[in-house]
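Protein chains: 2
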Amino acid sequence: MRKRKMNLEEVLEKLKGKNVKRIGIQLPDGLKYKSEQIAEFFESKGYEVIISGSHCYGACDLDLDLLKEVDVLLHLAHTSIFELENVIYVPYYVDYDVEDFEDVEIEEKKIALIASAQYAWKLPEVKEFLESKGYEVELKTGSKRVKMPGQVLGCNYTVLRNSKAEAVLFVGDGLFHPIGAKIYSKKKVYRFCPLDKEFEEVKVDDFLKRRYLSISKALNAEKGAIIVSKKIGQKRLGLALSLKRKAKERGRSVEIIYLDDLSPQVLENFLYGYYVNTACPRISYDDIDLYSVPILTPQEFEITLGLRDWENYEVDEIL
Amino acid sequence: MRKRKMNLEEVLEKLKGKNVKRIGIQLPDGLKYKSEQIAEFFESKGYEVIISGSHCYGACDLDLDLLKEVDVLLHLAHTSIFELENVIYVPYYVDYDVEDFEDVEIEEKKIALIASAQYAWKLPEVKEFLESKGYEVELKTGSKRVKMPGQVLGCNYTVLRNSKAEAVLFVGDGLFHPIGAKIYSKKKVYRFCPLDKEFEEVKVDDFLKRRYLSISKALNAEKGAIIVSKKIGQKRLGLALSLKRKAKERGRSVEIIYLDDLSPQVLENFLYGYYVNTACPRISYDDIDLYSVPILTPQEFEITLGLRDWENYEVDEIL
Numbered sequence: 271m272r273k274r275k276m277n278l279e280e281v282l283e284k285l286k287g288k289n290v291k292r293i294g295i296q297l298p299d300g301l302k303y304k305s306e307q308i309a310e311f312f313e314s315k316g317y318e319v320i321i322s323g324s325h326c327y328g329a330c331d332l333d334l335d336l337l338k339e340v341d342v343l344l345h346l347a348h349t350s351i352f353e354l355e356n357v358i359y360v361p362y363y364v365d366y367d368v369e370d371f372e373d374v375e376i377e378e379k380k381i382a383l384i385a386s387a388q389y390a391w392k393l394p395e396v397k398e399f400l401e402s403k404g405y406e407v408e409l410k411t412g413s414k415r416v417k418m419p420g421q422v423l424g425c426n427y428t429v430l431r432n433s434k435a436e437a438v439l440f441v442g443d444g445l446f447h448p449i450g451a452k453i454y455s456k457k458k459v460y461r462f463c464p465l466d467k468e469f470e471e472v473k474v475d476d477f478l479k480r481r482y483l484s485i486s487k488a489l490n491a492e493k494g495a496i497i498v499s500k501k502i503g504q505k506r507l508g509l510a511l512s513l514k515r516k517a518k519e520r521g522r523s524v525e526i527i528y529l530d531d532l533s534p535q536v537l538e539n540f541l542y543g544y545y546v547n548t549a550c551p552r553i554s555y556d557d558i559d560l561y562s563v564p565i566l567t568p569q570e571f572e573i574t575l576g577l578r579d580w581e582n583y584e585v586d587e588i589l
Numbered sequence: 271m272r273k274r275k276m277n278l279e280e281v282l283e284k285l286k287g288k289n290v291k292r293i294g295i296q297l298p299d300g301l302k303y304k305s306e307q308i309a310e311f312f313e314s315k316g317y318e319v320i321i322s323g324s325h326c327y328g329a330c331d332l333d334l335d336l337l338k339e340v341d342v343l344l345h346l347a348h349t350s351i352f353e354l355e356n357v358i359y360v361p362y363y364v365d366y367d368v369e370d371f372e373d374v375e376i377e378e379k380k381i382a383l384i385a386s387a388q389y390a391w392k393l394p395e396v397k398e399f400l401e402s403k404g405y406e407v408e409l410k411t412g413s414k415r416v417k418m419p420g421q422v423l424g425c426n427y428t429v430l431r432n433s434k435a436e437a438v439l440f441v442g443d444g445l446f447h448p449i450g451a452k453i454y455s456k457k458k459v460y461r462f463c464p465l466d467k468e469f470e471e472v473k474v475d476d477f478l479k480r481r482y483l484s485i486s487k488a489l490n491a492e493k494g495a496i497i498v499s500k501k502i503g504q505k506r507l508g509l510a511l512s513l514k515r516k517a518k519e520r521g522r523s524v525e526i527i528y529l530d531d532l533s534p535q536v537l538e539n540f541l542y543g544y545y546v547n548t549a550c551p552r553i554s555y556d557d558i559d560l561y562s563v564p565i566l567t568p569q570e571f572e573i574t575l576g577l578r579d580w581e582n583y584e585v586d587e588i589l
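Each protein sequence line maps, in turn, to chains A and B. Going by this note's numbering, the first residue of the first sequence is number 271, and it counts up by one from there. Going by this note's numbering, the first residue of the second sequence is number 271, and it counts up by one from there.
Calculated directly from the structure, the hints in this document are not laboratory data. The structure presented is a predicted model; accordingly, all values stated were derived computationally and were not measured. Incorrect hints may appear among the rest.
Pairs count within a copy or across copies, as identical chains cannot be separated in the list.
[As the list claims (entries may be wrong)] Think about it this way: if two alpha-carbon atoms lie no more than 20 Å apart in a straight line, the pair counts; the simulated SDA-like pairs of lysine to any residue are:
{"#": "1", "residue 1": "Lys505", "residue 2": "His325"}
{"#": "2", "residue 1": "Lys505", "residue 2": "Asp335"}
{"#": "3", "residue 1": "Lys487", "residue 2": "Ser433"}
{"#": "4", "residue 1": "Lys380", "residue 2": "Thr411"}
{"#": "5", "residue 1": "Lys505", "residue 2": "Leu334"}
{"#": "6", "residue 1": "Lys487", "residue 2": "Arg415"}
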């Protein structure tokens, strides 16, 4: 059963009483096809609408430029990271039946429950169901970047910090988050997707092999550059400056490049042999095949500098 | 003879006495390969450097976000449009010999002289040379967006406003500017490129045919959207709102999309049948083959709305 919820009527309620004439609408790329329908909904209620055309990868990626042009910015389909005046977050939830967890069989009895944002809202129910099956279930809150118990982001696994569980159960689609969770927690990680009912243990060997290859390539490359993002929730200039200083102390010279969206297109005119990405870690991990040069995480760059052992490989987090 | 000039020592002089620690460097895409060398030059003088990684298409496209992070922003290779505190423009000139104009033979005797920015600095010398050959030469200043006499931009032909000349001579590479000049002035336009010594009369029939095709396609498309750029020198939200209002009055509904760089990638998740581009006009004109849907100029959109006749086709300008 695949239901998705995004309640625009509720937004109308929130707008009432505010002196709002012009609304900005920001949607992740996967939902931009809905922009017409959503804009027409608010226009039919008398509001003026401007749609954000920029790519949008999360609540870390609020369109602050558009916010300056409108009375209220609706940021759709991501849970809040920054509570800003005049930004309304409109969550987008995937609905699913906890009964589907009937077939989830995990060898370990003490498990930590995690999920990506669209699935995390139902984790308390999942916990209850799994407990009724005899598991001991940990469902913890993380750093303030994640709002729901058990919620992980591509850059945040703090709900697993100091976990006492023997294994982790990730609820959601895709392999990206559970791979991060396994590297972060060093525990066995299982994944259950309520949409296609797929259940599997998550392996990270191939992922780590490819990361190691990138690190080796960067080690042999001439000059590199450290990428810093302009995005409110991805900007780590301090980290970049500190990495540059450490590199210099070790005889490696790197430049710092400041930009909005990191993409192969935006880099194609530069000639650096590798990049260190301090923006969204997902770009380094997920987009590896799009780039012809290594895109390292800060931790991987530390390995090339001899500041970290491969054995201490850590997933990049923004806290 | 192809020399190019960009004087960094002069920049050092300008920095002296200012309390500058951190410098931002912004280069057009075609010169980004020089970023390493330029950064190292300033670093060797004790400055901290951050390179702008965003695409850069002109002085209309100042990296104001980077400006917030640095003491001074060096904007390289474009002539100034906006005089902002802490922005230093570093021009980039192509050198050429006015004697090469010896072979330029123009039937008309009264000619207006124009050039793109990298060539315009030498127009007073070219004028003198052509006058010595018996031509009457007009070399006029334009709106404040263009700094040099005779200088045209892809979005500004005001140096040709009320021209009394019988024909126009464009100095520079590429066909983009002279095509714009011909549509703007409705005069005969010749082009001379001092680099390859190519001389030709410029034709616009094919260009206009393709524009007409785009307009027809847009007329038959369902819903469209008007693009507004965030860039300081390309932002025309007022124009977009006014076009939207006029469209509505004529029963055509359009949405407004706000973004930084207009590109096929950024539009690929939207489903609009055509776009009206109020950002850099060059995107509509030059990138026509990159897009699967029509990208109209504001004037072309007016044609689809019945607000302008095809006979009054005008090139889009930002004044």
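**Request:** Of all the hints given earlier, name the ones this structure violates by number, lowest first.
**Result:** Structure breaks hints 3, 6.
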